[in-house]
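Residue numbers (this note's numbering), protein chains in the order written: chain G, 1 to 461; chain W, 462 to 922.
Derived by calculation from the structure, the hints in this document are not laboratory data.
We put the CB at the ideal spot given by N, CA and C, even for glycine.
Hints may contain errors.
[Said to hold, decoys possible] Take a look, some chain G residues computed to stay more than 10 Å from chain W by CB distance:
no., residue
1, 145
2, 173
3, 209
4, 221
5, 248
6, 425
[As the list claims (entries may be wrong)] Chain G regions said to be covered by chain W (calculated; three or more residues, Cβ under 8 Å):
no., stretch
7, 13-25
8, 345-356
Chain residues, written in single-letter form:
There are 2 protein chains.
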Amino acid sequence: MLTYNFERNSKAPLYEQLYDFIKSDIISGKIKGGDKLPSKREFAAHLGISKVTVEAAYSALISEGYVYSLEKKGYYCEKNLALPEKTASAPPAKKEERKKIDIDLSSNAVPGTQFPFSVWSRLMREITLNYSRELLDPIPFEGAWILRSALSAYLMSERGMNISPEQIFIGAGSEYLYTQIIRLLGAENIYGIENPSYHKISKVYSMNGALIRQIDITGETLDAEALENIGINIFHISPSHNFPTGTVMGAKERHDILSWANKKGRRYVIEDDFDSELRFEGKPIPPMQTLDSAGKVIYINTFSKTISPALRIGYMVLPEELADRYRSTLSFNSCTVSSFDQYALADFISRGYFERHLSRTKKYYRILREKLLAVYEKSKIKPCAELCESQAGLHFALKLRTDLPDENIKARLASVGIKAAFMSDYCSAPIDRPYELLINYSGLDEDKFLRALAAIYEIIC
Amino acid sequence: MLTYNFERNSKAPLYEQLYDFIKSDIISGKIKGGDKLPSKREFAAHLGISKVTVEAAYSALISEGYVYSLEKKGYYCEKNLALPEKTASAPPAKKEERKKIDIDLSSNAVPGTQFPFSVWSRLMREITLNYSRELLDPIPFEGAWILRSALSAYLMSERGMNISPEQIFIGAGSEYLYTQIIRLLGAENIYGIENPSYHKISKVYSMNGALIRQIDITGETLDAEALENIGINIFHISPSHNFPTGTVMGAKERHDILSWANKKGRRYVIEDDFDSELRFEGKPIPPMQTLDSAGKVIYINTFSKTISPALRIGYMVLPEELADRYRSTLSFNSCTVSSFDQYALADFISRGYFERHLSRTKKYYRILREKLLAVYEKSKIKPCAELCESQAGLHFALKLRTDLPDENIKARLASVGIKAAFMSDYCSAPIDRPYELLINYSGLDEDKFLRALAAIYEIIC
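Working from the sequences, and respecting the hints, build out all of it.
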C-alpha cells in the first residue's frame, strides 16, 4: 500500500499533505490512470491517521479531477489526465509558501495544546440538546441575548465595566466591527490611528473610505492640546497595550484624551482592548471605558487572542446613545456569528470555563516566556541585541545592534525558512524605528527560538 | 417552589420566559429582597427544563441587578432595588414586540424538527477530535480549503458548475458577501437590482455607498436592448427564483442578460441563488453561471434556507479573473466564519449528509405545502382571494379581492397577533402591486394557517 511520511509539525493540515503526496504520485506516473486507490478505512489504518483525513484528501482530488469514485467499488486514478494540467502546473501559491516557513516570528498562532477542545466539544453537544429551539430562532442583529448577558456579567466582574447587555454587539471579529463603527459614525469623520499600529486597522479604515491620520505615539506624550491641533474627531487607540510597541498608556494621557473627546459632540474614542487580558504581572489595567461618563468611549474586544482566532468572535460596547442609534439605523444587518458559537461561548463564560482557561493560558505563556528569556540570556546574540518586553501580550521586540536595513535582514531570514517582521513594518512615515525585530512567541518553543536567534546572529554579528 | 407555565410555542426562548417570570415577580413584590431563589438543579427539575436554561435566566437577572449570587450558598433577590428601576421601567422593546406575534406570515423560520441536530453535534465532536490542529491554524481569508473543496464537488454534481475550489470564497452570510462584492467591483459602478426584491439587497448597496437602480421585473421581459438603455453595469438578479414574485427567469432572458454583460469589460451579473435548491417539482434549474464562458457571472448562495440562518454561512463563486483580483486586493480581510463551522459543514457536505438533509427538507415542505393548500381549498376565503405559488421557495402570494390598502390590512392583522407582509412592501415606485399578501409558510402548521385565513377573511369579506 502507498506509504507516506507526514510532517507532523508542518502548518499544512494532514489532509492537505496527503492530497499533495497522492497528487504528485499521479503526476509523476507512480500512480497510473485506472489504478485503484486504497479504501479510506485501510488507508487511514495504514497511515495512522483518521478516516476523515483520507476522505478530505480524496474529496479534494476528486474535485480537481485527479481521482474518481465508483459507488460501492472505491476510488480510482483518473484515466484521461490531459484535462487537469492547468491545476497540475499551477499549484496553489499559498501552500508552497506555507511549507517554506520553518519558524514564524511574524505572527502569533495559538498552540493546539492551549485550546479547550474537550470542554468546547462538550458544550457544543450540550447546547444542541438544551437550546435546540433557541438555536434556530432568528439571531437578533445585536447578537444572542445569552452571550451579551454573559459578557456584561464578565466585563463587570473582571474589567469593572458597568454596562448593560443592551450596549453589547457581537460580530465576526474586530475587523468586521471596525467597519460597523465606521458605518455608525460615518466615513466622513477624520479617524486618528496610532503609528505604529496593527496593519489591518488602517487598511480597514481606508477600504471603507474613511479619512485617516496617523498619530505618532513613540515621541512625546500626547496631551489634549496636541490632539486639538491634529484635527481628528475620532481616535482609535489600544491604551492597555499597543501593538507592536507594547506601550501602556499612562493615566494622565488617558484623561487628556477623554477630556479632548468631551469637548465636542462628535468626538469619540475607540478603545481597542484586543489583548489586555493577557497581562502576566499584576491586575489587568481597567479599560478607559470605565473612566468615561459622557458616552465617548466605544470599547472593542475579541476572543482571538484569549481563545482562538479560529472562533471569529468579537464584540463592541457602545455608549447608550450610540447603541440606540446603531439599533435604529443599522439593525437590518444580520448578526455575523452563528448561534451555535454564541451559545457555546455564553456557556463557556457564564459557567466559569473562560476564567479558568484564561488563567491556564496566562500560566502557559508566562512559563513559555520565562523559558524563552532564559534561552536569550544564554545565547550568543546578547552582545549584539537588546530584548524589550512589557509583561503583557504575546511578543517581544529585539533591538538589533546593526546597520543592515530591516528588509535585508528579513530577506536573509526568509531564505533560511524564518519569517520575520520589524517594528518599521507597522510604521508609516515620519516615524523611523529601524532594527527592531518583533518576536511573536506564542507558537515558538525553546528549540525554534534558539535556532531563530542563531540565524539572526549569523546575519548581524 | 416557584412555578411557572412556559409557552412552548412562543418565539421567546425558555430562559427568556423564565427571566421575565422571575423579574415580574420581583417587581410585583412576590419575590422580596433577600429571598433565596431555588437552586439551579432543583428549579430545573421542578420546572421540567434544563439546568442550563435556569442558569441563563439567573445570569441575565444578575447582570441586570435583580439577583445576586453568594459562592456556595446560592442565588438571592437583590435587597436594594431602587437602582434597576430604569431597566424595570423600560423593558427591551424587542421582547414585547415578539410576544405579541402569534402567527408570523412575514418571514420564514426553519422548524426545529428540520435541523439535523444529532448529526451536527456528532460532526462537531468528530472534527474536534480529528482536526484539532487544523482547526486552530489561521483560516485562509478565502475560507477553509476543506469546505471550498467539498463545495466545488457538490456544485459540480448537483448544480453542474465546473469550478475550482480556488474560485470559492466563504463569508458570514449573503449580506457580508454583497459588501465584499461591492468592495471588489467598486462602489462607483451602477448596480441594477430587481424590483421587487428582498429589502436587504438595496439596503446593503446603499449602506456601502453604491449607486443603485431599481429595475422593474414584473412588466415586460427584459432584453439586451432594454438593459443597454437602463445604464447599469452590474445586475444583481435571482434568476432561479425571485423573491417575492416567485418568477423563474426564462432561457431567452438569461441569454439576453449574458450577452448584455459580454458587450463591455466592466459589466457583471451577480446571480443570487439563495433558494434554488428548494424546488419541489423537477430538477433544480441550472444556474446562469453554467452558461457563462466569459467570466461575467458572480454566483452567490447561502445555507440559510437549506440548513438554517443560525449558521451564518454563505459563499460566492468568482470568475477566475475576479478571484485573482479579490485575492490580490482584499486578502487582508480575515475570513468571517469560524473554522469549527467550516469543517463541520465540509464534512456534512462531503459525507452526503447535506444531500440527504435537502431531500428530507424538501419532502417536509412539500407535504406541508400540500396540507396548507388543502386548508386553503376548504377555507371560506376562496371566493375573495387567489393563491399563487410557483413550485419553489417557501412562500405563496395571496391576491386579495379587496380595495383596502395593504397598510390597513397589515395593521388590522397585527392587532390580532398576525404579522404580515405584502408584495408592495418589497416594491419601490413606480411598480404598483397592491393586495398581494405573502404567506411565508415554513414555520406554519394547518391550525395557524386556518386561523390566519379566517382573520384575513374577517377583514376583507
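Structure-based check of all given hints:
no.: 1; hint: 145; result: 7 Å, violated
no.: 2; hint: 173; result: 5 Å, violated
no.: 3; hint: 209; result: 7 Å, violated
no.: 4; hint: 221; result: 31 Å, holds
no.: 5; hint: 248; result: 26 Å, holds
no.: 6; hint: 425; result: 13 Å, holds
no.: 7; hint: 13-25; result: holds (count 4)
no.: 8; hint: 345-356; result: holds (count 4)
Taken one by one, the earlier hints fail for this structure at numbers 1, 2, 3, listed in ascending order.
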